[in-house]
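Please put together the full structure from these sequences, using the hints given.
Protein sequence lines correspond, in order, to chains A and R. Throughout the first sequence, residue numbering follows our numbering, covering 1 to 67 in sequence. Throughout the second sequence, residue numbering follows our numbering, covering 1 to 295 in sequence.
Hints in this document: simulated from the structure, not taken from any laboratory. Note that this is a predicted model, so its numbers are computed, not measured. The hints are all genuine.
According to the in silico footprint, chain R covers these stretches of chain A (three or more CB under 8 Å from chain R): (1) 14 to 20; (2) 26 to 33.
Below, computed lysine to any residue pairings styled on SDA-like, alpha-carbon distance capped at 20 Å: (3) A:LYS29 with R:ALA260; (4) R:LYS214 with R:ASN240; (5) A:LYS29 with A:ARG17; (6) A:LYS19 with R:ILE197; (7) R:LYS256 with A:ARG22; (8) A:LYS29 with R:GLU253; (9) R:LYS23 with R:ALA183; (10) A:LYS25 with R:ALA183; (11) R:LYS270 with A:GLU15; (12) A:LYS29 with R:ILE171; (13) R:LYS118 with R:SER132.
Backbone N, C-alpha and C fix where the C-beta goes; we use that ideal spot for every residue, glycine too.
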Amino acid sequence: MPRPIHITTPIEPLESRIKRLRIPKARQKELLAIMDEAWARLTIERGVRSNHSIQWREKSESASAAR
Amino acid sequence: MPPPPVNPNAVFLNIPYDAEFQKLYLAYIVGLSQLGFDPYITSGIPGGERRLDRVLTLIQSCRYSIHDLSRVELSAAPPATPRFNMPLELGLTITWSKLHPKRHTWFLWESTSRRIQKSMSDLDGTDPYIHSGTVEGILSELRNAFVRDGAPSVQNMMAAYRIVEEQIERILAGAGTRNLYAASVFRELCLVSLDAIRRYNFQSLAANKAIIDKAQEDYNAGKAIKQNKAAYDTITAAANAHNVAVNAMTAYEHLKANEALADVLAMAQKNVETAVADLPNLIASIVKLYITGAK
Numbered sequence: 001m002p003r004p005i006h007i008t009t010p011i012e013p014l015e016s017r018i019k020r021l022r023i024p025k026a027r028q029k030e031l032l033a034i035m036d037e038a039w040a041r042l043t044i045e046r047g048v049r050s051n052h053s054i055q056w057r058e059k060s061e062s063a064s065a066a067r
Numbered sequence: 001m002p003p004p005p006v007n008p009n010a011v012f013l014n015i016p017y018d019a020e021f022q023k024l025y026l027a028y029i030v031g032l033s034q035l036g037f038d039p040y041i042t043s044g045i046p047g048g049e050r051r052l053d054r055v056l057t058l059i060q061s062c063r064y065s066i067h068d069l070s071r072v073e074l075s076a077a078p079p080a081t082p083r084f085n086m087p088l089e090l091g092l093t094i095t096w097s098k099l100h101p102k103r104h105t106w107f108l109w110e111s112t113s114r115r116i117q118k119s120m121s122d123l124d125g126t127d128p129y130i131h132s133g134t135v136e137g138i139l140s141e142l143r144n145a146f147v148r149d150g151a152p153s154v155q156n157m158m159a160a161y162r163i164v165e166e167q168i169e170r171i172l173a174g175a176g177t178r179n180l181y182a183a184s185v186f187r188e189l190c191l192v193s194l195d196a197i198r199r200y201n202f203q204s205l206a207a208n209k210a211i212i213d214k215a216q217e218d219y220n221a222g223k224a225i226k227q228n229k230a231a232y233d234t235i236t237a238a239a240n241a242h243n244v245a246v247n248a249m250t251a252y253e254h255l256k257a258n259e260a261l262a263d264v265l266a267m268a269q270k271n272v273e274t275a276v277a278d279l280p281n282l283i284a285s286i287v288k289l290y291i292t293g294a295k
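Spelled out as structure tokens, the structure:
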């Protein structure tokens, strides 16, 4: 078995990695629009709920009763 | 001439540029991007006497290199010819690495075990990573070769691969070429692979939210999860961590939309990574609550 390498160098921020690719802004927009559609489709297919707001009605009574 | 500075996250990809290899090529790009690396290939380096110099400079600037020798067959197009560019670039790399072992580490990759002993017996004693000629094999072996905390699972990398692969035709159409190995297309594939990381963070946050919501419902209803302090604390910790992650991502997107300075953006991204990193363990703890609650 080959020996794995443990990588400890920090991951460079996405923005600077993208900047280094030197893709014209207009083309970047086109590509990201293509990916927007693709990811939106995937989200619908997976039926993942996209509501990010936390709405837990805490039942503090039952929680404290459990303590 | 002094060698160029080394990019610690750069990986030189020594691969065949042919139609049969396209899926694996894309897998390398997506996989390496997901693992925090920047892939580089020789495509785009012009021919001529200086080409070899430029190839060497590229190798010297990369901290790692992957040499995929899985296509040792003769080319299909006449005249049938073996590929010598890849062994040549491997030879250059080995020499560079021997001279500067702290600057460069190289890896051998193959699709078939033990074939390398036959095709390149001088490399006896060097164990190649075997990807079996599959996308999943590449992604899995990349994860085995480069161990990094918080690395995405093979399943997640596969999801990113599939979504990029589905868009290939549209990317090629926009680029005005059919050549997936063209320098411009290579850069665009890198871009969409990097973009997949950000989107994956959003997707996993949404999926985690669904799990946390369900756990909260079940806990409150006293179903499936036992009502006790430990369970309550676990679910609350996950909900709080999720909130922190959402806030960090919102802040990042806001700064990005307002074209904040690079170092401010980098700090915001670091906050996102830190916040997102805590969630998988907390979600795993919630899953455990269901297992213990069901007993």
